[in-house]
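Based on the hints, put chain C in the right spot on chain Y.
Protein chains: 2
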Amino acid sequence: MSIQKLQEWREQIRTELDSVVDFWLKYSHDTVHGGFFTCLGRDGTVYDELKYVWLQGRQVWTYCRLYRTMERFRRHEILEAAKAGGSFLRRFARVPSSSSGQWKCAFCLTREGKAVKIQRTIFSECFYIMAMDELGRVTGDKDLQLEAEQMMEQLIFWVREDSSSLGRPQLPGDVPTNSMAVPMMLLCLVQQLTEDRGEEVVQKYRELGSWCVKQILQHIQRDGTAILENVSIEGKELPGCQGRLQNPGHALEAGWFLLQFSAARGDKELQQTAINKFMELPYKAGWDTEHGGLLYFLDVDGHCPTQLEWNMKLWWPHCEALIAYLMAYSHTKRPELLERFSQVYEYTFSHFPDAEGGEWFGYLSREGKVALDFKGGPFKGFFHVPRCLYMCERLLDDLLGNKD
Amino acid sequence: MSIQKLQEWREQIRTELDSVVDFWLKYSHDTVHGGFFTCLGRDGTVYDELKYVWLQGRQVWTYCRLYRTMERFRRHEILEAAKAGGSFLRRFARVPSSSSGQWKCAFCLTREGKAVKIQRTIFSECFYIMAMDELGRVTGDKDLQLEAEQMMEQLIFWVREDSSSLGRPQLPGDVPTNSMAVPMMLLCLVQQLTEDRGEEVVQKYRELGSWCVKQILQHIQRDGTAILENVSIEGKELPGCQGRLQNPGHALEAGWFLLQFSAARGDKELQQTAINKFMELPYKAGWDTEHGGLLYFLDVDGHCPTQLEWNMKLWWPHCEALIAYLMAYSHTKRPELLERFSQVYEYTFSHFPDAEGGEWFGYLSREGKVALDFKGGPFKGFFHVPRCLYMCERLLDDLLGNKD
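These protein sequence lines map, in sequence, to chains Y and C.
Quick note: the first sequence uses the numbering used here, first residue 1, plus one each step.
Quick note: the second sequence uses the numbering used here, first residue 1, plus one each step.
Chain Y with its partners taken away, still in its complex shape (with noise of 0.2 angstroms):
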């Protein structure tokens, strides 16, 4: 791959990620009530005004990590935008949890801020955290730093010690799963707590993070031939469809964490399997050698899976696959991985950017048509498409020798 084509992707990437971050700049925030509106129509129009709090916290973060890291978004109104939308949710994602005293996160509020569904799990936390954290480091405030570690000590004894205040109840039936997004969220969280920070703050997390990577290594099954989705706490495969998931986007998400992890500990063997394993077999499993692109799920065995939207073409699956594939090239400068990285690139801009109402579509069909036209959803923000274009702009830069 010559010079000219990396330049080529990143004059790209870099008008992709100005405009992408123009549009929710101009049709997401809130003025009246603070936050983010996240449901934006194909030509960003609010078409409903629930405010999803993933979304909120990942937009926090998402500003925040383009004022702090990239010369040209240290602008006022983006640092406004991520305060503004930092004090909504600290004031109205906690809900105090019924029975055990402690605080959850609210899975979705009114505009007014009103908690309107709880879920179940740990994941609005984790976006609560990760955006209180980088908030802190923006700002300065060191009571943000604070409060993403308190929520961070919560979360840990919820998936370490006692899930029971998350308020599923205990059934004979619901053996206790490791679900690979529990540790690959963990993990990340350990990476955005510890990045640039103290010596006590970095042991701190020391082991949770060694934890996580061999939480997340349970996942390679079939003798080394497939990540599953979910497995055993012992680390086996599991009955059934439960048990024969693969979502391929989730691996290679896991494969870029991994990778990222084993760069900072100067782990070799580990890098070699954040590669073969979580960047190589999904890309085998998932890849859609008809029509292109990543499938959004699969079952390792070959049966249908009963996920209806199994054969859809997801934005964040495509954006995950650019960053691991691109860091992995960047870490090795193995060729195929720059062949990888362009073939997904080559999909993903022919397919999901909106060249008439900016942004980027977020679900195809199996055969690459635009199925849900909308630029923000329940669970599309400002987050997958900024992070990988972010990203990716970086890792370019870097193997060009640029400076920013």
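Source of the hints: derived by calculation from the structure; they are not laboratory data.
Any given hint could turn out to be false.
Since the list can't tell identical chains apart, any single copy or any two copies may satisfy a pair.
[What the hints assert, rightly or not] List time: in silico EDC-like cross-link candidates among lysine to aspartate or glutamate, alpha-carbon distance up to 16 angstroms:
no.	residue 1	residue 2
1	Lys117	Asp174
2	Lys369	Glu309
3	Lys284	Asp301
4	Lys284	Asp299
5	Lys26	Asp43
6	Lys114	Asp174
7	Lys83	Glu269
8	Lys5	Glu346
9	Lys214	Glu234
Frame of chain Y, contents of chain C only:
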């Protein structure tokens, strides 16, 4: 439409019903632990052993209804299968609710009957009641009728008095909603529990039946031009996506429930509403003029629904449409209703049945291609297809003046 056409339909439907019954008799019985496997692949292979309680209850009901009302299904093996399913349900489906001392039905059990998951809704209980009542009718076991009526009391309490023991925390932003599914299911249960029963039972549920109808009629919105899936308790439109949601299959199913009810009470005005609102409007909103078939979800203002599967063609709305239009024709003899039946029939029979593996596919893409190729899954069992075929066969018999 000629008599010959009616006869042709009747023959095809009769043959199809026989074949569908054979499929489930052959592949779905768990002769070791009792109950039914419902995750059946294209060729009938069990691909997951979980037992979904909705589908266990529905299968018991359908076996019993066929046994009780159609001469050719009055077979020992059908009765035995229904009884075995009924005992499995009675033994394992009910789980004591943690705090309230009430019984909940699980949503999903292991093959051996251990509870895996409990939903915070009323639907497992609904299908449990249908199963118990119909099994009681077939076996003459008064205890089952009692069991059904006791569970019904609890259901009514949850819906009309206090839903807190269903386990949803009360949240300030979570406004109480009239969801079509709830009064629809209750009306269906009223009809189930009172059919051919003495005056005492009929009186007991009389007010509830009228209440259900009123609740269902609240879903006629926008000056009578749309049926909306969720409305406020006061019968007003709700804000956002939830408020604008249309589910044509549900509206059509409600339509024939209302039509049955209007016939039983001799209510001509309700008959007209059932047809002109609950059958005409969902067709106008939901029929895909480009590819044929009924879309799954729509937004009344033309926004894109947020449900990823919104534009898929599912088997069950087509089943409900067939019953609705044929029943409406049979009650009114308006030829355009038979035309409508004919149109849905053509799409349904040319897309859903699998001549090779038997039974029907459940999930097609917008364009009508099979997207998920299994015959049974977590939400598709032995229910909508045989109920539709059974109802249509009887309606056609009546129209043709046949006696079974």
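Next on the checklist: Hint compliance check: list the failing hint numbers for this structure, sorted ascending.
Outcome noted: When the structure is compared with the hints, only number 7 turns out to be violated.
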